[in-house]
Amino acid sequence: MADVVLSRVSKSYGTSPAVIDLDLSIEQGEFVVLLGPTGAGKTTTLRLVAGLELPTTGSVSIGGVDATNLPPSARDVSFVFQQYSLYPHLSVRDNLAFPLKSPGRRMSKSDIARRVEETAELVRIGHKLDNRATQLSGGEMQRVAIGRALVRQPAIYLMDEPLSSLDAKLRADMRLELKRIQRDLGATLLYVTHDQIEAMTMADRIGILSAGRLVQLGTPREIYATPANVYVAARLGQPSINLLPRGLLPDADLPAGTATVGARTEHLDIAAAANGNGNGTVERIEHLGDQSHLHLSVGDRTVVTLATPDTALVAGDAVTIRYRNPLAFDAAGERLQGAA
Amino acid sequence: MAEIRVESLRKEFSGFTAVQNSNFVVEDGEFFVMLGPSGCGKTTTLRMIAGLELPTSGRILLDSEDVTMKRARERDIAFVFQLFALYPHMNVRKNIGFPLLTQGTPRSEIRARVDETARLLRIDHLLDKPVSGLAGGDRQRVALGRAIVRRPKCFLMDEPLGTLDSEFRDLMVHELRDLHDRIAATTVYVTHDQLEAMSMADKIAVMNHGIIEQFGTPQEIYDRPRTMYVADFMGSPPMNFLRFHSGLEAGSASVRVLDAEIAVPEIRDSRAPSDLALGVRPEHVHFDDASRLRGAVVGAEYLGTTQIVSVETSEGLVKARIPASEIVRTGEIVGLALTASRLSLFDRASGDAIVTALYPEARHG
Chain F
18 MADVVLSRVS
28 KSYGTSPAVI
38 DLDLSIEQGE
48 FVVLLGPTGA
58 GKTTTLRLVA
68 GLELPTTGSV
78 SIGGVDATNL
88 PPSARDVSFV
98 FQQYSLYPHL
108 SVRDNLAFPL
118 KSPGRRMSKS
128 DIARRVEETA
138 ELVRIGHKLD
148 NRATQLSGGE
158 MQRVAIGRAL
168 VRQPAIYLMD
178 EPLSSLDAKL
188 RADMRLELKR
198 IQRDLGATLL
208 YVTHDQIEAM
218 TMADRIGILS
228 AGRLVQLGTP
238 REIYATPANV
248 YVAARLGQPS
258 INLLPRGLLP
268 DADLPAGTAT
278 VGARTEHLDI
288 AAAANGNGNG
298 TVERIEHLGD
308 QSHLHLSVGD
318 RTVVTLATPD
328 TALVAGDAVT
338 IRYRNPLAFD
348 AAGERLQGAA
Chain G
407 MAEIRVESLR
417 KEFSGFTAVQ
427 NSNFVVEDGE
437 FFVMLGPSGC
447 GKTTTLRMIA
457 GLELPTSGRI
467 LLDSEDVTMK
477 RARERDIAFV
487 FQLFALYPHM
497 NVRKNIGFPL
507 LTQGTPRSEI
517 RARVDETARL
527 LRIDHLLDKP
537 VSGLAGGDRQ
547 RVALGRAIVR
557 RPKCFLMDEP
567 LGTLDSEFRD
577 LMVHELRDLH
587 DRIAATTVYV
597 THDQLEAMSM
607 ADKIAVMNHG
617 IIEQFGTPQE
627 IYDRPRTMYV
637 ADFMGSPPMN
647 FLRFHSGLEA
657 GSASVRVLDA
667 EIAVPEIRDS
677 RAPSDLALGV
687 RPEHVHFDDA
697 SRLRGAVVGA
707 EYLGTTQIVS
717 VETSEGLVKA
727 RIPASEIVRT
737 GEIVGLALTA
747 SRLSLFDRAS
757 GDAIVTALYP
767 EARHG
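If you read the sequences in order, they're chains F and G. All the letters of the first sequence, read from the start, carry residue numbers 18 to 357 under my numbering. All the letters of the second sequence, read from the start, carry residue numbers 407 to 771 under my numbering.
For reference, chain G alone in the conformation it holds in the complex (with noise of 0.2 Å):
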């Protein structure tokens, strides 16, 4: 087991910059994701660190060891590729075991690590099953036996679910988190799905056209967002912004958006007028007619136990999330009350979060 630490890592593929400056650690046994769109460098650095592909420069290090120039089998790591590939005519204890029998290990050993792995997977009985007749997920179990049975010092995984359906990805994504509790193999892992680093990661970072915006705990990142871009990527549907301009004065602890003066977590730091947005999570909204600030409902969307109604202020849209069995009708005008002690500040010509109570040593950059 490993810890994985990446220094001022930078590739430049001719003429685009895929990855600019990337400084994280992964802690020994952590699950780590990296989070953002595609073309954001979160795969590039991913290839990095397997050694798919070669830095322009900085370092990466495993245990402490610099391996930035080894070649990806010198590294003793596994690799889980979105599509995940066995060999079909072999059964499942074979493919399991096949990368234990390259690296010429005993044959009672081979067995014993296969059964192993076969158990922790919980697909010890169709060891003699043939692969081709699996179904998906057991397929995806495989694939993952055959990385695990080799005991490496990390795993490294790019969208091992991104080609599930959505019902077995989320049984998936509980078996994974599950398996990483057994066994505490440092573990990093690509997704372009919050929900999947969300459930899963111990520490995400969320990147952006090769920069880390953010890297933190999925509560912190969540509850608080340092920019504007991770407050819009995290969550479905993501924060809301009410757009407004004020200047800002330590120790108060309320913003006037329009006409509505809004509790916020205690300010921090004094501002001249600029260009503000107030952020507020769809779950930090609710209806209450006696708030001033208002707009009309423009639509609901079911989702069974909760429903997402959107409505439209002068300031912009804001979707609430509130219980299905309210009953709101389209074009209806109402008030928006927000959880007061949830509001994050932004400054809307950087992005970057505003220090408040809520945010006690923001940093900027």
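Just chain F, with the same shape it has in the complex (with noise of 0.2 Å):
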């Protein structure tokens, strides 16, 4: 069963759009990132769904009921801010049951107990349930504040880039948490970002999303291998996908209408080349600790691929290039069938 459902929204503010003809339909239970640079409409698309802002045209709903004009408070969600906001005067105790005590809801005190303990095991933030919020890391603090949206049992939960203030190592950690919570409460999620690597490992379905437009939307592995333009394939993978003129390797059997194709480590067949007679030249070998990135040179055009944790490579060898099954795009960016 759909948990939420926009259908065609869009949002302007005066004449710029920032969400336009929207469709989006979340599952019970699953996790989907919104993923998206600066501007996208990502935040936007959140806050539609939270009610902080409503939509100039089209529909949410929410749980089977028509949302689009309800007030924040009406709607069954709850919202994690990039900067958390918890009570600094309360417990971590009292700031979890915050919004349990709430006057409409008429939780027993027994109840709210239990549910504030169940949710601080949860983000592993029992043992400090007494602690005042401001004696808290960084990083504790988030987990209360993911606490407080988790103590609420709402249609969904709405995060806007709840990670993002938090160190590189600390982010890492927490991202992994998220998942397992997420599973284990089987939780219905929207989560944004601009994280390729949250997005990748979090969701069940990422929609990548482009001045205000809904790109594509499938699995990670759906939106990696067969992405729908150039726009989505340069928005996943590390090192970027190469985008390369056609004709600068020797490219067959690639399908009528191929302008640039498109070259991740995967679709790269690199070897030594013999007596010195190769189509490129390796530049440099970059290396990042647990990856190394091997630059070459081919034609005008620099290529960057993974490089095998044993290559023999150095700079200045020449290699010689060929593509295996890359991806194709025609002159607009859109990806052609065929290929991959």
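It is possible that part of the hints are untrue.
Stated by the list, open to error - Example chain F residues on the side facing chain G (calculated, C-beta under 10 Å, incomplete): (1) L187; (2) K196; (3) D212; (4) M219; (5) T236; (6) H304.
As the list claims (entries may be wrong) - Restraint-style ranges between C-beta atoms, simulated for each label pair: (7) G/H495 - F/A349: 38 to 46 Å; (8) G/E667 - F/R169: 49 to 57 Å; (9) G/E480 - F/L193: 45 to 53 Å; (10) G/A755 - F/T243: 48 to 56 Å; (11) F/S42 - G/S444: 37 to 45 Å; (12) G/R649 - F/L193: 19 to 27 Å; (13) G/S697 - F/S108: 44 to 52 Å; (14) G/F422 - F/G46: 42 to 50 Å; (15) F/A329 - G/A541: 38 to 46 Å; (16) G/A478 - F/S102: 29 to 37 Å; (17) F/L193 - G/H580: 23 to 31 Å; (18) F/L87 - G/S756: 56 to 64 Å; (19) G/G653 - F/G46: 46 to 54 Å.
Rather than coming from a laboratory, the hints here were simulated on the basis of the structure. All values reported here derive from a predicted model rather than from experimental measurement. Think of the CB as a built atom: it goes at the ideal place given N, C-alpha and C, for glycine as much as any other residue.
Grab the two chains, each in its own frame, and use the hints to assemble them into the complex.
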């Protein structure tokens, strides 16, 4: 069953459109990530679901109820922002209990205590329940903020870059935690980020936004392996996909109309050239610790791929580069079937 | 251009020691990165080099001149902050030229230096544009331009990319390094992001609780972490630790972890039985049915070209980075083969690396 359905939703501020004709339906228990650069319309979409913005046209339904014109308080959602805002004078316990104590909810004290303790275990903050919110580290504060959203059981959780203010290291840990929590709860989650790793590792489905439009919606593997166009292709993958003009490398088997060839590491065969007669040269190998990037020059272009950990190539080596089922795009940037 | 020498540097705030006792040298023209989590003392160290904080004790030498107690403006440095502030009512040219104007530089020279700086940053086409309409990356370039134009002895940067989109950040990391290669100015750069450090630095200092845990080239720090803290801080995911209890004998080249005999670099240090850890990076773990080191697959994170597979063993969780094309199923029991020449050994009590053929001149402390 779909938990949240956006139908042909548009939102404009004055004459400038922020979201254009968006159709998105999120299934119960699904983790959907909206990915795109600043200004793509991610946060506006989230705020439209929350009721913090009203659509110019179109409708929003939440848990089977038409919520298009409902105020935020009447919608069955909870929201986690980038900047965690806790009540500094309250303990962790009281911060977590706060959403349950609103006058309309009428929960018993013992029910509240039980929910708070369950939630604290879930976000692994149970040992700090009686600390003041101000005595916590950044990661702990963000876990409390996420806990405060989870303590209620709404139709959908909305999260706007909840990890981006954390240290890189903590962010990687929290990514796994959040996915575990979502899976354990069977929670429906709409999550906004500009970090492709967060999208790839947490999402059941990723929606790629560009200038207010949903360009593609699919599983991480679909988006990565069969991007709709060059824009989507460039959003995922490290190093970024190489977008090369047709004819730069031997490309016999490409579909008619191919203008641009998209080649990731797995689309290239690279071998040291016999007697120096290659079609490319190793410019440098960039060691990034867990990965090494191989920078190759081919004609006037640079091609960057992942080097195998035990590569024998060094700067200056001549190499032979061949495509292996690369992606093909037409002159408008749309991907052509037939290749890949 | 300049060499920065930091000697026995210490900083206490009321009841709290932010920097314990730092000693390091940034050589002329080097890109030096101080790396660590928030609260490790990296920004405090940077602010002392800048003259924005005075140390409790110790010395800072800029090109052999003792500047420890000098005011910030008397040190020939440029500071680039995390939140770059531009003058909104001025165009790009005026923003970049402003530091020279305040120094009383002649107009013709300002013009020439701004032109040169803009060319260096590849924003010469924007010189007459107002800064208010610029994209994030261009604003950052203008902020950098304002630092570069003075030709200071060194640059200090405090997480200048921290507020950018991840895509922009990747781009700016490469631009900053390219820029450094062109002007070769001594740079001290503070970040919590190990990938930024690995991508840009000539030398890295990994900091923890006010102490420099390790100082070295990126490759050295990644391949031969001196402590478990460093091993865990570097890499994403970080180094895996397999816990075991054993004695070690110099000259031996294997360890026994539960019932598996695992080849390691030759051990150079005999030890009585104690709590140890075998450290292995995710990219040095492979699946091999013949291995007696076994575990159950508990999950896989898809990353496109590669995937990170988590395997629960009785000695700890092991993450392996393997091609995304290999199919693994949750719950499946797999054997783990480790690349012998790249393994580290640690004393779990002290956290220090044990001397092996991979760690030729390991020192403790």
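Hints, verified against the model:
For F/L187, the interface hint holds, the least distance from its beta-carbon to any beta-carbon of chain G being 8 Å, beneath 10 Å. With a cut of 10 Å, the hint placing F/K196 at the interface with chain G holds, because the nearest CB-to-CB distance is about 9 Å. Look at F/D212: its Cβ gets to within about 5 Å of chain G, closer than 10 Å, so that hint holds up. A cut of 10 Å between beta carbons decides the hint on F/M219: the least distance to chain G is about 9 Å, and the hint holds.
Checking F/T236 against chain G: minimum C-beta separation of about 9 Å stays under 10 Å; hint holds. Residue-level restraint check for F/H304 holds (minimum Cβ-Cβ distance to chain G is 6 Å; threshold 10 Å). For G/H495 paired with F/A349, a C-beta distance near 41 Å keeps the hint of 38 to 46 Å intact. At roughly 53 Å, the beta-carbon separation of G/E667 and F/R169 lies within the given 49 to 57 Å, and the hint holds.
About 49 Å separates the C-beta atoms of G/E480 and F/L193, a value consistent with the hinted range of 45 to 53 Å. Range check, G/A755 to F/T243: Cβ separation about 52 Å, and the 48 to 56 Å hint holds. Distance hint for F/S42 and G/S444: a CB-CB separation of about 40 Å, consistent with the stated range 37 to 45 Å. In this structure the supplied range 19 to 27 Å holds for G/R649 paired with F/L193, their Cβ-Cβ distance being about 20 Å.
Between G/S697 and F/S108, the C-beta spacing of about 49 Å keeps the proposed range 44 to 52 Å intact. Between G/F422 and F/G46 the beta carbons are some 46 Å apart, a value that agrees with the proposed interval 42 to 50 Å. Remark: the range hint 38 to 46 Å for F/A329 to G/A541 is upheld by a beta-carbon distance near 41 Å. Hint check: G/A478 to F/S102, Cβ distance near 34 Å, so the stated range 29 to 37 Å holds.
Distance hint check: the CB atoms of F/L193 and G/H580 are about 28 Å apart, consistent with the given range 23 to 31 Å. Distance hint check: the CB atoms of F/L87 and G/S756 are about 60 Å apart, consistent with the given range 56 to 64 Å. Checked against the hint of 46 to 54 Å, the pair G/G653 and F/G46 passes, with Cβ atoms roughly 51 Å apart.
Figure legend: structure checked against the earlier numbered hints; every hint is met.
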